[in-house]
Amino acid sequence: MAFAYAPAPESRAVVDIAPSYGLFIDGEFREAAGGKVFKSISPSSEEVLSEVAHAGGDDVDAAVKAARTAYSSWSALPGAERGKYLFRIARIIQERSRELAVLESLDNGKPIRESRDTDLPLVAAHFFYYAGWADKLSYAGWGPDPRPLGVAGQVIPWNFPLLMLAWKVAPALACGNTVVLKPAETTPLSALFFADICRQAGLPKGVVNILTGDGSTGAELVAHPGIDKVAFTGSTEVGKAIARTVAGTDKKLTLELGGKAANIVFDDAPVDQAVEGIVNGIFFNQGHVCCAGSRLLVQESVADEVLDSLKRRMATLRVGDPLDKNTDIGAINSAEQLARITALADSGEAEGAERWAPACELPSTGFWFAPTLFTGVTQAHRIAREEIFGPVLSVLTFRTPAEAVEKANNTPYGLSAGIWTEKGSRILWMADKLRAGVVWANTFNKFDPTSPFGGFKESGFGREGGRHGLEAYLNV
Amino acid sequence: MSDAKSERLSVFKTYKLFFGGKFPRSESGRVYEVADAKGKWLANAPLASRKDARDAVVAARKAFAGWSGATAYNRGQILYRIAEMLEGRREQFAREVADAEGLSRAKAAAVVDATIDRWVWYAGWTDKIGQIAGAANPVAGPYFNLSTPEPTGVVAVLAPQESSFLGLVSVLAPVIATGNTAVVIASERAPLPALSLAEVLATSDLPAGVVNILSGKAAEIGPHLAAHQDVNAIDLTGAGASQTAKELEIAATGNLKRVLRPQPVDWAADPGTERLLAFLETKTVWHPIGV
Numbered sequence: 001m002a003f004a005y006a007p008a009p010e011s012r013a014v015v016d017i018a019p020s021y022g023l024f025i026d027g028e029f030r031e032a033a034g035g036k037v038f039k040s041i042s043p044s045s046e047e048v049l050s051e052v053a054h055a056g057g058d059d060v061d062a063a064v065k066a067a068r069t070a071y072s073s074w075s076a077l078p079g080a081e082r083g084k085y086l087f088r089i090a091r092i093i094q095e096r097s098r099e100l101a102v103l104e105s106l107d108n109g110k111p112i113r114e115s116r117d118t119d120l121p122l123v124a125a126h127f128f129y130y131a132g133w134a135d136k137l138s139y140a141g142w143g144p145d146p147r148p149l150g151v152a153g154q155v156i157p158w159n160f161p162l163l164m165l166a167w168k169v170a171p172a173l174a175c176g177n178t179v180v181l182k183p184a185e186t187t188p189l190s191a192l193f194f195a196d197i198c199r200q201a202g203l204p205k206g207v208v209n210i211l212t213g214d215g216s217t218g219a220e221l222v223a224h225p226g227i228d229k230v231a232f233t234g235s236t237e238v239g240k241a242i243a244r245t246v247a248g249t250d251k252k253l254t255l256e257l258g259g260k261a262a263n264i265v266f267d268d269a270p271v272d273q274a275v276e277g278i279v280n281g282i283f284f285n286q287g288h289v290c291c292a293g294s295r296l297l298v299q300e301s302v303a304d305e306v307l308d309s310l311k312r313r314m315a316t317l318r319v320g321d322p323l324d325k326n327t328d329i330g331a332i333n334s335a336e337q338l339a340r341i342t343a344l345a346d347s348g349e350a351e352g353a354e355r356w357a358p359a360c361e362l363p364s365t366g367f368w369f370a371p372t373l374f375t376g377v378t379q380a381h382r383i384a385r386e387e388i389f390g391p392v393l394s395v396l397t398f399r400t401p402a403e404a405v406e407k408a409n410n411t412p413y414g415l416s417a418g419i420w421t422e423k424g425s426r427i428l429w430m431a432d433k434l435r436a437g438v439v440w441a442n443t444f445n446k447f448d449p450t451s452p453f454g455g456f457k458e459s460g461f462g463r464e465g466g467r468h469g470l471e472a473y474l475n476v
Numbered sequence: 001m002s003d004a005k006s007e008r009l010s011v012f013k014t015y016k017l018f019f020g021g022k023f024p025r026s027e028s029g030r031v032y033e034v035a036d037a038k039g040k041w042l043a044n045a046p047l048a049s050r051k052d053a054r055d056a057v058v059a060a061r062k063a064f065a066g067w068s069g070a071t072a073y074n075r076g077q078i079l080y081r082i083a084e085m086l087e088g089r090r091e092q093f094a095r096e097v098a099d100a101e102g103l104s105r106a107k108a109a110a111v112v113d114a115t116i117d118r119w120v121w122y123a124g125w126t127d128k129i130g131q132i133a134g135a136a137n138p139v140a141g142p143y144f145n146l147s148t149p150e151p152t153g154v155v156a157v158l159a160p161q162e163s164s165f166l167g168l169v170s171v172l173a174p175v176i177a178t179g180n181t182a183v184v185i186a187s188e189r190a191p192l193p194a195l196s197l198a199e200v201l202a203t204s205d206l207p208a209g210v211v212n213i214l215s216g217k218a219a220e221i222g223p224h225l226a227a228h229q230d231v232n233a234i235d236l237t238g239a240g241a242s243q244t245a246k247e248l249e250i251a252a253t254g255n256l257k258r259v260l261r262p263q264p265v266d267w268a269a270d271p272g273t274e275r276l277l278a279f280l281e282t283k284t285v286w287h288p289i290g291v
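Line order of the protein sequences matches chains A and B. Under the UniProt record's numbering, the residue at position 270 of the first sequence is numbered 270, and the numbers go up by one with no gaps. Under the UniProt record's numbering, the residue at position 74 of the second sequence is numbered 74, and the numbers go up by one with no gaps.
Okay, chain B solo, but in the shape it has when bound (with noise of 0.2 Å):
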């Protein structure tokens, strides 16, 4: 036995996409190098394509009815357990946001804590939206009248490039906690931290398909999620320079995807329920009332 402490050799994480519970590469066997704020390479990542996004699409596609249909309290506690679960992970996710966004560990874990607190702020959401953005509605006549709010459908989001985990989450959380299924194109530049929450994610018990997570170019994969027929909102936060949103917003007219268009935000701030409501449609039921 040697006294001497031996270097050992570190094992590197094979960064994946995920979708419809699955961590495939990407089918087109492209990746791209990620680099932390100092140019130092870290990862491979995978570099998504078309039919990454169209695979991802069928996964939420398919996992909407089982979602938007489990009572919002198991939403709750799935979202809640996520929590959970990054709470166990800190660490790491602290050492992947200090490297992919050049903060200190001090700041890093901060962001990290952050992040977490908003998984629990969404996660009390579930059940109470709906009480919420919903009403009883007093009509004129003798009808009962109640609208209450239900999830668009699948929703693409094209993740904050800067704030790579707090408003990614900030992005995300908002779309599944009301019931919709997500395809996430996480931050260009600093997708790692997104890849890693996908293993928090599958460890939580979501349903495969709800939250599917690309890396990738936003501009080779944002148009065809923008475009596509099967896709019902889209997200624009991270889709940067204004000329690329028009665009992206010109593909989703048509099908007349609700669009939530780019704007400054402190994702450090009380995110209010601007999000929560920005993928909801009312849906108002009439009967009559009689004897």
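Okay, chain A solo, but in the shape it has when bound (with noise of 0.2 Å):
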């Protein structure tokens, strides 16, 4: 029986976007020094939201130059008023917190229900948190004094863009950083409010600083040799790049990179749950989440109850505009990864899996793939090699724990793992053997302040959140 909802949009009207913005160095925007611009769409719409300038390399020497400056000053402020800025900068952004969250939307294609639930109130409790470390670091357990690095070249990704960039400049400043950040060249908007927040909280000009920009940006900041850290989130082809451009140097390098997560279902869970878990765990954010549960491993005895009433379950996802209060998936990022993982779901054809999506109508402008599910997959296959990115499951069955964790770590990756069962002593068993930095037992994609998020093996290397994210901003 299909449900018929009457539209239910969040308004437009609380955000404001500017025709155009410049780059946030030195405290002002200013425009590129070559010029150059790039402009900003709405992927569920592809409508033009704002033209913002491309940084080239004159930029990122006068940002660098800027974090520098200010790096003396405030590296030397008393802890204690670093973090007032920062608790500031917290609760600006949960006063602009609706405002963000429709920003988010528009720009990065993701449901209001998620980036008004999940990313800002994540956002704000992040900063909320560094802000408290800010004068305790030397209780934090590296010593009496612990220093700070220096100018620290952050580059971070477009599916959860506030949220990395809070992941990135939150424990930065607290540890008595300055940052120069390049956010993701398909979501710099979210970026730039932020510039305004800092603003209005009186940060000191020059501790952040913003370039817009695309992966040559990126290239040229981790490059430059006035950085003393590189903090970057993305993909393991980037990470690996930009290991190899800071090898040999002092700069010091945390990588937040992909994954291809196994979500584990054994036949003594509870199906309900279970289902809600594997959901969540793949088609949040549209799949575009480096710890997505993009492999399912389900017991083979329970396979088909499982299949079944996941099917059923995916019937029901509503896909359609971000901005709709009763969407469950919003629009794919852009046009290339579109094309990304369409040519992995065709490759998933091609190579022999089955391939199930639920009848689905998608909007005619923008992009859009409706959730897939592809059954009949071998290890062997790219689909269950290879990071898509975006809301496709493949599906694989085991019939023994061995089995099950065997074929969790046959992947380069070890970024997460999830696993349902009502047997305590299996789900400590499991999380001691799965080679994977965030183990979620019985849920799935949760995030804290608090809690240490990162990765094993090629998923990289590094820690953001609680007290094991200060480390990445430390001498230490």
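Please note that the accuracy of each hint is not assured.
Said to hold, decoys possible - Lysine to any residue pairs mimicking SDA-like chemistry, simulated, CA-CA at most 25 Å apart: (1) A:LYS407 - B:ASN255; (2) A:LYS433 - B:ILE132; (3) A:LYS136 - B:GLY130.
Because the hints were derived from the structure by calculation, they are not lab data.
Take each chain as given, in its own frame, and dock them per the hints.
So, in structure tokens, the structure goes:
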């Protein structure tokens, strides 16, 4: 039985997007030295939202210089004072969270339900958490006087634009560093709004600098000799290139990269809960999640039951307008990403896996991909090995816990994993054996500022969040 | 019976590699001359090849599940046992370190004592590092959330070139204390204390393959270990020239090894926890709380 829903759009009136934005360097917006600009579009409508400056080498240089100049006074500021700036920022984000949520859904394509209920609360919480660390670093476990590193170059992805900014900027500033941050090419706007929040908070100029641009801007930034730290979240391929760039320098590096997480369902798991977990694991944020549960490993004896239930549930997912409060799955972030998802899904079919998607009407403009699952997947298939970064689930089966571990770990990645079982000792045994940085048992895709996040193996190194997250920004 | 004291001809030791719990010669059949600080010939040491390095990695990988799965208490007992075995061989190592590093016997004895004490220091860390590096995280919701450190895996260690024994143990012990397994390239010029250490390791209940020791040229074997897809981390302490270290770091990016860059170290100083923490991964487990 299909339920008809009336449209329930969140108002766009709460956000005022300027027709153009400059680079935020040394406390002021300015045009790129080379005068280059690019457009940021809404992936759900392909409407141009704004035109932003494209930073080149001279702009990177100017931003790094501004950050260096600001560093001497910022790092010398008592921790309590730095913390108070961060508390201000956290509070302003809370005040402006509806505006920022709508902006994020417009620029990124994610459902307002997620930007409003997940991204923005976590962004504010992250600043609030690290604000409190700024004057307590001597208690963090690295001796009586851990020092900041200097200027941090930070490059973030498009899947959680403002949240990734928070994960990078909050601990960096709390520890006394200054930052030059480059948001993703397709989602520059929330970082530019954050620049305005820094202004409202009275943050000293040059402490936060925002450079919009593309991959070339990011490459210029991480290669700049004037930075002391590189933090990157994105693909493993780019992560490796960055690691090569900083090799042989004194720059400290942390990388949060791709994943191909196994979500493992045992025969004793409550099916309805597990199905909710599977759906959340792979369809949250259109599957644009590095820790997405993109490989479902289901115990053979319950595979049919779980899949029947999963398909029923998938048929109720509502794909469409990101600003509609009933939307479960929004737009794919870009035409480029849609092409990648499409190509990988096609390879699944070509390699012999069976494709299924619910009947699903997709909007005629924008970039969309129906929630999709593949059965009959083997470990050799590309859809079982490569990160798709979209709403595509590959289903494999197993018979014993040992086989589940073997298959789950059979990947160069090691970011996250899920376990669904009622048996406590089995959860702990599995959690012990899985080579992944975050293990969700009977839940999935949970995040918290106090909880360290980051991967094993080729999913990167270093942790963001929690006490552990400070280490990335301290000279320890 | 003659009163005259006859000169007894000493028995030389054939120094060998150590991997998988065994003492093979280099598969390449190569050796190189090792001399003391004054240039006097001491022994022929195996000149390990790329194949030896790969075999050592296989041994280290095979040992990883058992060693990382052993209790921290058990690992501590074994590391302490290594110190006990060393204590009984102080004279031998003092002689070897004196030859290797050109130290007086008294200074060499002090180095050996410091080395034994370093094993004791790290033996005591095995069941404490988890409490220092882990955390119970107060998340904003009804969830149990626990972060624990876990060993990174197989760690390639380029041991310091100068400090052939204290430096070697200072880089090796923290790697295995936390549950990693190691493939070590000993000091090229002074490998004999490392190769003799293998005899101690082999008689200390340390499972085969947990520590594997190669002698030879770091410049020859290092790049293969740095690029090896089944090595998870590399300590570049002994890489020497910065250009070499840079090249090895670049090779290590192929599978995103954790890299400990070379840095000046005072081996006699309190080592702190840096090297224990360098080859640990933090795993965070969530579970809902409910009735």
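These are the hints, each one checked on the structure:
This hinted pair checks out: LYS407 (chain A) and ASN255 (chain B) have alpha carbons roughly 19 Å apart, not beyond 25 Å. For a cut-off of 25 Å, the pair hint linking LYS433 (chain A) to ILE132 (chain B) stands: about 22 Å separates their Cα positions. Only pairs whose Cα atoms come within 25 Å are accepted, and LYS136 (chain A) paired with GLY130 (chain B) is accepted, the gap being roughly 22 Å.
Hint compliance for this structure: no hint is broken.
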